[in-house]
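> Chains as they are written, first to last, in my numbering: chain A, 103 to 341; chain B, 962 to 1054.
Here are the simulated lysine-lysine pairs, DSSO-like style, with alpha carbons at most 27 Å apart:
1. Lys178(A) - Lys233(A)
2. Lys149(A) - Lys968(B)
3. Lys975(B) - Lys147(A)
4. Lys972(B) - Lys180(A)
5. Lys237(A) - Lys178(A)
6. Lys1052(B) - Lys977(B)
7. Lys180(A) - Lys233(A)
8. Lys148(A) - Lys972(B)
9. Lys169(A) - Lys1052(B)
10. Lys968(B) - Lys147(A)
11. Lys245(A) - Lys178(A)
12. Lys178(A) - Lys975(B)
13. Lys965(B) - Lys975(B)
14. Lys977(B) - Lys149(A)
15. Lys148(A) - Lys968(B)
16. Lys965(B) - Lys149(A)
17. Lys1052(B) - Lys245(A)
18. Lys180(A) - Lys147(A)
19. Lys149(A) - Lys972(B)
20. Lys180(A) - Lys169(A)
21. Lys977(B) - Lys965(B)
These are calculated hints, taken from the structure and not from any lab test.
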Amino acid sequence: MHQFQVYRLGPEIKLGNVDLSFTNSSLFMLISALSICIFLYFGSKKKGIIPSRLQLVAEIFYNFIAKMISDTAGSKAKPYFPFIFTLFMFVLLCNMVGMLPYSFTVTSHIIVTLVMAVFIFIAVTIIGFVKHGLKYLSIFVPKGVPVVLLPLITVIEIISYLSRPVSLSVRLFANMMAGHTMLKVFGSFVISLGLLGGWLPLSFSVALTGLEILVAFLQAYVFAILTCIYLNDALNLHH
Amino acid sequence: MDNKDFKTRLKIAKEKILKNNSNDEDKRGHFMGSAFRLGSELVAAVVVGTIIGFILDNWFDTKPWFIITFFFLGVIAGIVNVIRVANNMQKKD
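Please build the complete structure, drawing on both the sequences and the hints.
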């Protein structure tokens, strides 16, 4: 489909075998990142006791993430607040910018979400090993398991640990892509059914747009909260 | 408005926030997030298990045995993951 196509903007840039050209995907990542910066810059510029509207929204986002981190990962995870806040805002803005007509949804490509998820996975694993040393491997061995079952359980635990980045990335990518495809399908129904029957799919696509905005927010939330949960496993070892 | 009045009001407001820490709207969002998790958690473990089996088969030239074993181990791991998420949802209730 046309809305999922990645194409080059401007000249081709090659570094060895790696294609580093500026694509429409990079453009929309840049737009999302810049709009976060502008929003937070103007939101935190005045610092009034009685907040302006923009400051209020920025503070709501800040409190939302701060509360989420302390609820799921405890006080030890406070140093990772900047990372999780950035992650949440970036995914949220990418999803929301993708809802605008004629735009490109960055998160509807699995490579984008997979890179973020694999980065989180590796970072969390390193944090776990740094904090606990080789004792971190004990998350693969649950307590109170009979010795006979231990090899089997350990293999299952390793598979479930390795499935984290896959489930994290596939969830975001699949939800975004399915939503946009569904909107496109209902949109084409409107055209093909014409003036007589097109009103029903039209009303559906209005409702679906609302649903998509909810999904865009929820997926960013789930992405951030799962990062917190994984961090919690790495910081507070108690299985 | 003098300073003391402001301080008592701040104290009352803070207590209110602490009391309403987990209101209903908050919970609903959390449960929807967990619901989105359940499906993908199951699928991901199966996919990862199958991929591990495929790689091991290529290493040891034992097609199709590792794929079969690790497919079923992946299914088990997926079910274990789903049970864990569901348990967490119940705990938070």
